[in-house]
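Student: On the provided structure of chain E, position chains D and S with the ligands as indicated by the hints.
Chain by chain, the residues:
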Amino acid sequence: MTPIESDSQDIAVSVKDLTMAYREKPVLWDIDMEVPRGVLMAIVGPNGAGKTTLIKAILGLLKPAAGKVEIFGKPFESQRYYVGYVPQCGSVDWDFPTNALDVVTMGRYGHLGWFKRPSKMDRDLALDALDRVGMADFADRQISQLSGGQQQRVFLARALVQDAMIYFMDEPFVGVDAVTEKTIVGILKTLRDQGKTVIVVHHDLQTLSEYFDWAFLMNVRQIALGPVSEVITQENLKAAYGGRSAIF
Amino acid sequence: MLSFDYTLIVVLFGTLILGLVSGCLGAFALLRRQSLLGDAISHAALPGICIVFMLTYSKHPLLLLLGAAVAGWIGTITVMAVVRHTSVKEDAALGIILSVFFGMGLVFLTIIQRMPTAQQSGLSTYLFGSASTLLLNDVITMAVLGAITLGILLLFWKEFKLLTFDRDYAQSLGFPISRLDILITTLIVFSIVIGLQSVGVVLMSAMIIAPAASARQWTDKLSVMVCLSGVFGAVSGVIGALLSGAISKLPTGPTIVVVISIIVIVSLLFAPLRGIVWGAMRQRRYRDNIRFQTMLTNLMLFSESDTDPFYPHDIAALTAIGRGPARKAMADLKEKGLVVNPEADMWALTAAGLKEARCILADKIGGASHD
Amino acid sequence: MIDQLFVLAIACVVAIACALPGVFLVLRQVALMSDAISHAILLGIVIVFFIVKDLHSPFLIVGAALTGILTVVLTELVIQSGRLKKDAAIGLIFPFFFSIGVILITQFAGSVHLDSDAVLLGEIAFAPFNRFLIMGLDLGPISLWVMGAVLVLNVTFITLFYKELKLSTFDSALAASMGFSPVVLHYALMSLVSITAVGAFDAVGSILVVALMITPPATAYLLTRQLKRMLLLSALIGILSAVMGFFFAVAIDASIAGAMATVTGVFFLLAFCFSPDQGVLQKYLRLKAQRVSFSATMLLVQLLDHEGTDTEREENTVSNMIDHMGWTEPFVKQVVRHGLHQKAIIRKGDGLFLTDLGRELARSAMTHT
Ligand SMILES: Nc1ncnc2c1ncn2[C@@H]1O[C@H](COP(=O)(O)OP(=O)(O)O)[C@@H](O)[C@H]1O
Ligand SMILES: [Mg+2]
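Protein chains in written order, with numbering that gives the first Met the number 0: chain E, 0 to 247; chain D, 0 to 370; chain S, 0 to 368.
This is chain E alone, in the form it adopts within the complex:
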């Protein structure tokens, strides 16, 4: 293995010169980001900073005005099976006729490809994932009859059965009680310890250093990237939040 190859293998996500605009309004401006493999990273920034947009652009859900994204050194398209995604809560119709197990099974659809139906094995994997997030008892529940925290855990389980190398999660702690929050963090840390890369949109600066190794601070432009302690400085926060920093 040549050094260059191993280098690109150690960078899980690489974003170069990413610029995004909704109509004429720039939402992301010239973002460069390299996330090493095996870190648990938070994307931090004020509301409207473009965090969701960044994730969606990385996942190819939005078309950037310029720039490119690579996953393990290759374009996203060829690598999508290494990527798991937990969308922002509330983006689905909760009254949809489906139960928790069914939702989690959807995480296998990417592996199944066209036309193939989920097998017994896929269902077992889904049950397993539900168990890991502590929701095995709720497998048959219609999703609207779950609490906010339970719904979030179901969506986490759905990403888990994708068996990805990199996970993206958009504000998984919104509307979640303290106990569930700790459970989810525990699962994320386990994933990290298994060598997976986890990237989470987060907006509680208080818990940042407790939960995460790395942070990416941004507000339209990138402000800092690196270990949490290096990123969260007075100066950086001021650059991101202006005068209205949450804790300092």
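Calculated directly from the structure, the hints in this document are not laboratory data. Each hint should be verified, as a subset may be incorrect.
What the hints assert, rightly or not - Just a few of them, taken from the derived set where beta-carbon distance is under 7 angstroms, the chain S residues facing chain D:
#, residue
1, L31
2, L76
3, S80
4, A87
5, I206
6, V209
7, F267
We put the beta carbon where it would ideally sit given N, CA and C, even for glycine.
Tutor: For chains D and S with the ligands alone, kept in the frame of chain E given last:
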């Protein structure tokens, strides 16, 4: 009097197919919040039917259906384009397509009615539908198109389910969502045009919405919902056709719609779990329960300060701090043996009542510490 | 000839009477309630007709308007029960009412002048022949009187409650906090729609009511954002559609109502393509220009970032832009041309260099985001 002759069997098959297909696809239309798109599509189909007839002078069912499908499809695409490219909202876009396309259809229809060919009579049955005009040829065409539609639905079942439930996630898994959108919308268009001859353009939208709206009330499982919706559609189609065959001058489309509407009403009110009636009863029982509990615990709390737990209290005092009509609640409690009234308007706990009240209080305190 | 003039007059009055409440339907995103109401009222008309046995009884209007309101109330109830979404609720109730209406007509009305086709399609050509007679005095077609009254009612209502309607349409929370109940206004508007639909029904049929209520206001919405102008413009487009539709229908001897609906669609299509602000054509051109100028600014920022660094020679080149930004070659050329034209950059062979102006533009772009 009805006799099950050949013509009737053909008609029944036709309405069965139409109900089944529109029911199954309607379930997806409902979940995709495209219910009213059905209204626009079915109205938009009219000019398509007319143009095909004017061009070919043929009433071959396949040609007419294809004309209807193309026009319905153009209508749908136009709605999507208007919503996407302008600030006009979906409701207005649907209304525009519905009325303007239908208006064009009327213009063509009046032109056709003046055409010298004897063939022209019959196109206006597409307004309100007439199952009795279904011929074997029509039904075969419907069956083939219906089978193709349902076949594709089954083939792409997993993809459609994911697309309908969570678009963003489907896209992140690499499914081409706009192409799937177009595919399922096309299937919905086909399910509508299949029924136009029997139900008519004016009312066909009901056959998309109503079976699905009923089915949704009975189940929380997509596959069951789609099947049930197909069954409801088929049943209403067949019953409607039978009725309109038996009673003279009873138009098929409206009859089918009345039948399916009755199914909707029953489902909305009485379906297990989701039925509105059961919901209201649960709500009431819950409120009654709260009231009973308040009464019992109040009686106990009053009494304990009096050291005699079975001390009778005046109804006026209970009314003052309880909720709702106290007299009725006490009468109900008495029936359960939890309270007694030794004299008029004086009420006291029984031993069972005291036990119950203690339980309630313990529960309340225990429950509070949970949060 | 005089009859044709009456037809035109009726059509114009109907067009204005429909367009005015239609503006609020479109703005409040309940346009399809006009579809629901205009179909559902058939049931009211039929039931009242069976009772009073007179097709021109004022009770017909009352009964029909009540059915319209009933439809709205039932729809709201179903939505509030949480069992169905809004679109499904709207689409369920009116077919039921309409079907019962049609069945009643076919079963019991027999030879009476009330048949389902006419109800749906209207026949404005016959409208002048129903005369308004008072003690033998011929006062013209009834339809003209009825629709004139409806028009006066609509204009009065909208003038009187203009402020409230405007406020509750654009900010219902604020309106509610100021004491204008949005619910009351909603039902008032729906009543207006019902009455208008009933009045117009006999002359133009339910589908043209929908066309006239939704399409001209939506067209006006593409042309202006001011409520007053939108009301005027809608009325104007309605009248033009009615007049042009009439002559078109006469020329090809086809359904008048259908032709009018078609013309409203033509107006919408024109606005959709060519509206100076919202039109697809304008938007396309603007978007293209925007994309180039936005990209040119990005190019400037990129050049500034690498200016004076070791890698400047490789980074700040045309070929690197193709590679780096993920742009196609023709697009890079377009962007560079834009930059050159702005006098923000200079090109030397493959290399790109900022001018002073370019540097300033890049800096201001960075600070402004
Ligand atoms: N579909 C959209 N159209 C136009 N602007 C949008 C759209 N989605 C988001 N925006 C704008 O982009 C900015 C960034 O949004 P988002 O990425 O959701 O921020 P965050 O997730 O950091 O709160 C916001 O100012 C928002 O208003
Ligand atoms: Mg966000």
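Student: Each hint: holds or not?
Tutor: Hints and how they fare:
no.: 1; hint: L31; result: holds, 5 angstroms
no.: 2; hint: L76; result: violated, 9 angstroms
no.: 3; hint: S80; result: holds, 5 angstroms
no.: 4; hint: A87; result: holds, 4 angstroms
no.: 5; hint: I206; result: holds, 5 angstroms
no.: 6; hint: V209; result: holds, 4 angstroms
no.: 7; hint: F267; result: holds, 6 angstroms
Figure legend: structure checked against the earlier numbered hints; the only hint not met is number 2.
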